[in-house]
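Engineer: Just so you know, the protein sequences line up as chains F and R, in that order. Residue numbers are given in my numbering: position 54 of the first sequence equals residue 58, and the series is strictly consecutive. Residue numbers are given in my numbering: position 171 of the second sequence equals residue 175, and the series is strictly consecutive.
Please keep in mind that the hints were generated in silico from the structure rather than gathered at the bench. Warning: the hint list may mix true and false statements.
[Unchecked claim] Below 25 Å or equal to it, Euclidean Cα-Cα: the simulated DSS-like pairs (lysine-lysine) are:
1. R/200 x R/225
2. F/200 x F/216
3. F/159 x R/159
4. F/23 x R/23
[Unchecked claim] Pairwise CB distance ranges, derived in the manner of DEER restraints:
5. F/192 x R/75: 22 to 28 Å
6. F/19 x R/205: 28 to 34 Å
7. R/205 x F/9: 52 to 58 Å
8. R/45 x F/12: 53 to 59 Å
9. F/192 x R/221: 38 to 44 Å
10. F/37 x R/22: 38 to 44 Å
11. R/173 x F/125: 44 to 50 Å
12. R/192 x F/118: 24 to 30 Å
13. F/196 x R/45: 32 to 38 Å
14. R/75 x F/210: 30 to 36 Å
15. F/175 x R/221: 45 to 51 Å
16. F/9 x R/222: 40 to 46 Å
17. F/19 x R/84: 30 to 36 Å
18. R/77 x F/218: 34 to 40 Å
Note that CB positions come from ideal geometry on N, CA and C, so glycine has one too.
Chain residues, written in single-letter form:
There are 2 protein chains.
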Amino acid sequence: MPETTFDTVYREIFPFWDKISDKDREYICQNSADMVYQKGKNIHDGSECSGVILVRSGSLRLYMMSEEGKDITLYRLHRGDLCMLSASCVLNAVTFDVFVDAEEDSECCVIGGAAFAAVSERNPDIRIFALETAVSRFSDVMWVMQQILFMSMDKRLAIFLLDESARIESDIIALTHGQIAKYMGSAREVVSRMLKYFAGEGIVEVSRGGIKILDKNRLRKLTL
Amino acid sequence: MPETTFDTVYREIFPFWDKISDKDREYICQNSADMVYQKGKNIHDGSECSGVILVRSGSLRLYMMSEEGKDITLYRLHRGDLCMLSASCVLNAVTFDVFVDAEEDSECCVIGGAAFAAVSERNPDIRIFALETAVSRFSDVMWVMQQILFMSMDKRLAIFLLDESARIESDIIALTHGQIAKYMGSAREVVSRMLKYFAGEGIVEVSRGGIKILDKNRLRKLTL
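Kindly generate the complete structure, drawing on both the sequences and the hints.
Structural biologist: Encoded structure:
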């Protein structure tokens, strides 16, 4: 019985699940689909409402695309994460285009946008949950765009890591984020978040011992 | 009686005003202040929660600042508009810095962030209103950033307007937005929104008859 499965999944993920009526729960489950996306598959291209996507395994990448076909990663979604930006019919206010690809083979539950919108219309808790999810993601995205496109923090951090690696003749940089921030004249929080972004891109590995450079070529490209 | 004044103002602006209790309405009014900001005054610099700002007259400009002190306008607020991004204590998820200046002499009502947060905590309608306001602004901002920083649409449109103005030997370009979009290989909606952004910056004036270039120097700077 698929309903039972969806119900179990949603109970774990949605803080509002117990607060809505049996009928609304059933309606959401009836309008859900189990999807398996193969690595590399484009799931959403901004042209239509793809619904609310819940990641059960694997990972999805959200990105923007320039007219020349370059893309910039906005964020990644992993097990238990929810993609609201693909549901433009739920968040009417979203007016920019975002693309979603499966970065690994991924299992997802997809809730039809119209069904989700209808149920959230009569349940303020769902509406708040959806909006809070979106605001939180937006805020992350704004931060990344500000740092990358406006402050060139990605470039500056890449230059620092390459210079330091050359200086100490090692790919492992045993400095704290606070120390790096001090050298760069930036804030620890900025360095930590940018390193996390680099780690997500597979450029570095961050551990307690320091930063390990995994992909020097991509780091060099960032300095151009 | 200031309470009466705030109550009158808020009744006009807030769709939730009639749905909350007398006590909550009173609490918001008691934690409101009438402020007059002189042209050029910095109202919010991202360092602390400045509360929810409602514009009664004049205009405010929200912008981001680079480390070199360059700024980029995110959007403007006019009479009846509400600034939620200044209330970081209401929207916990907001983690990037935004600045707010008075662009003209402006009268505002400012609701203390803590008071607004407390009342919205017990009124889902307020929470939804605040979040929807934020999502809608975020979405506009993402669009602007995508166009300006990623697609260079500002540059491309500036080049087109200057070229066309030189060709026809006039500062008034009598083309529709759709025609310009066609020439530029872009979409009408993109051109319209970017022209609106230019108009907000005082670079052009948009009317039914076409586009009038007001500030050729700033247009030229955009093409660099």
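Engineer: Sort out which numbered hints this structure fails and list those numbers smallest first.
Structural biologist: 6, 11, 16
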